[in-house]
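First to last, the protein sequences are chains A and B.
Be aware that the first sequence starts at 150, since it is given in our numbering, and climbs by one per residue.
Be aware that the second sequence starts at -1, since it is given in our numbering, and climbs by one per residue.
Think of the hints as simulated: they come from the structure by calculation, not from any bench.
There may be inaccurate statements among the hints.
What the hints assert, rightly or not - With a straight-line Cα cutoff of 25 Å, these simulated DSS-like cross-link-like pairs (lysine-lysine) come out:
no.	chain 1	residue 1	chain 2	residue 2
1	B	K15	B	K42
2	A	K218	A	K249
3	A	K261	A	K218
4	B	K50	A	K249
5	B	K15	A	K198
6	A	K249	B	K15
7	A	K198	A	K217
8	A	K217	A	K207
9	A	K217	A	K261
10	B	K42	A	K261
11	A	K207	A	K249
12	A	K218	A	K198
As the list claims (entries may be wrong) - Derived coverage of chain A by chain B (criterion: at least 3 residues anywhere in the stretch with Cβ under 8 Å from a Cβ of chain B; other residues may be distant):
no.	stretch
13	187 to 194
14	250 to 262
This structure is a prediction, so every number in the text was calculated from the model and none was measured.
We put the beta carbon where it would ideally sit given N, CA and C, even for glycine.
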Amino acid sequence: AQSVTQLGSHVSVSEGALVLLRCNYSSSVPPYLFWYVQYPNQGLQLLLKYTSAATLVKGINGFEAEFKKSETSFHLTKPSAHMSDAAEYFCAVSGGGGFKTIFGAGTRLFVKA
Amino acid sequence: DAMVIQNPRYQVTQFGKPVTLSCSQTLNHNVMYWYQQKSSQAPKLLFHYYDKDFNNEADTPDNFQSRRPNTSFCFLDIRSPGLGDAAMYLCATSRDGLPGPTDTQYFGPGTRLTVL
């Protein structure tokens, strides 16, 4: 069975500050891990994905995530927050059951001016 | 640009009045998914099609049905909407749905359903 836990339902940062959104996963098989972003009244947009090619994954909009097997983590970071980064972020895992992708509960990022 | 399109973006229906939501894709993907997403929650998978094979999640109510007449289109039918069915409905596609580098889901913009 697979699961995803996102630590913190809400994260608030100042513009220009580091963004860190935490995700821990559980998987009995090598996982494929994803981060998606959702803006209000929009669908989910893929930010980045880990597919075992490299542990540090770079995505769109300056985001990156590092896969740490020993910590079963896949935290999302961005060095400098921008107001346009304010959105809901979902971590997801697949690989255990074919067609199914398991989503975390989401973290809402607030960016203060 | 290849994409996933959902129509309408906003749908209002009355309690008990059947409603159909539409999804189309130009990605030529084999798998199409329907998710229900309630406010501040993760998307919840309702069902998916692999080509013409329909796969229902065990906890999806019978009130929800789906049709996929061809590769490009997929419909979500809600036979008798209740107040609890008000949500964002997201359509997604993936190339083959199998774990691997290509196992990425691409989402449409969603349809927000209001039930009066």
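Right, here's what the structure says about each hint:
1. Our distance criterion of 25 Å between C-alpha atoms is met by K15(B) and K42(B), whose separation comes to about 23 Å.
2. With a CA separation close to 21 Å, the supplied pair K218(A) and K249(A) stays within the 25 Å bound.
3. As the CA atoms of K261(A) and K218(A) are separated by approximately 33 Å, the hinted pair breaks the 25 Å bound.
4. Using a Cα cut-off of 25 Å, the hinted pair K50(B) and K249(A) holds, with the two alpha carbons roughly 17 Å apart.
5. Proposed proximity of K15(B) and K198(A) is contradicted: the alpha carbons are some 40 Å apart, above 25 Å.
6. Of the supplied pair hints, the one linking K249(A) and K15(B) is violated, its CA atoms being roughly 31 Å apart against a limit of 25 Å.
7. The straight-line distance between the Cα atoms of K198(A) and K217(A) is roughly 14 Å, inside the 25 Å bound, and the hint therefore holds.
8. For the hint linking K217(A) to K207(A), the alpha-carbon distance of about 15 Å falls within 25 Å, and the restraint holds.
9. A hinted pair counts as satisfied when its Cα atoms are at most 25 Å apart, and K217(A) with K261(A) does not qualify at roughly 30 Å.
10. Restraint check for K42(B) and K261(A): the C-alpha separation of about 30 Å exceeds 25 Å, so the hint is violated.
11. Between K207(A) and K249(A) the CA atoms are separated by roughly 24 Å; this keeps the pair inside 25 Å, and the hint holds.
12. A hinted pair counts as satisfied when its Cα atoms are at most 25 Å apart, and K218(A) with K198(A) qualifies at roughly 15 Å.
13. For the stretch 187 to 194 of chain A, the stated coverage by chain B holds: 5 residues have a C-beta nearer than 8 Å to a C-beta of that chain, and at least 3 were required.
14. Residues of the stretch 250 to 262 of chain A lying with their CB closer than 8 Å to a CB of chain B number 6, which satisfies the three-residue condition for coverage.
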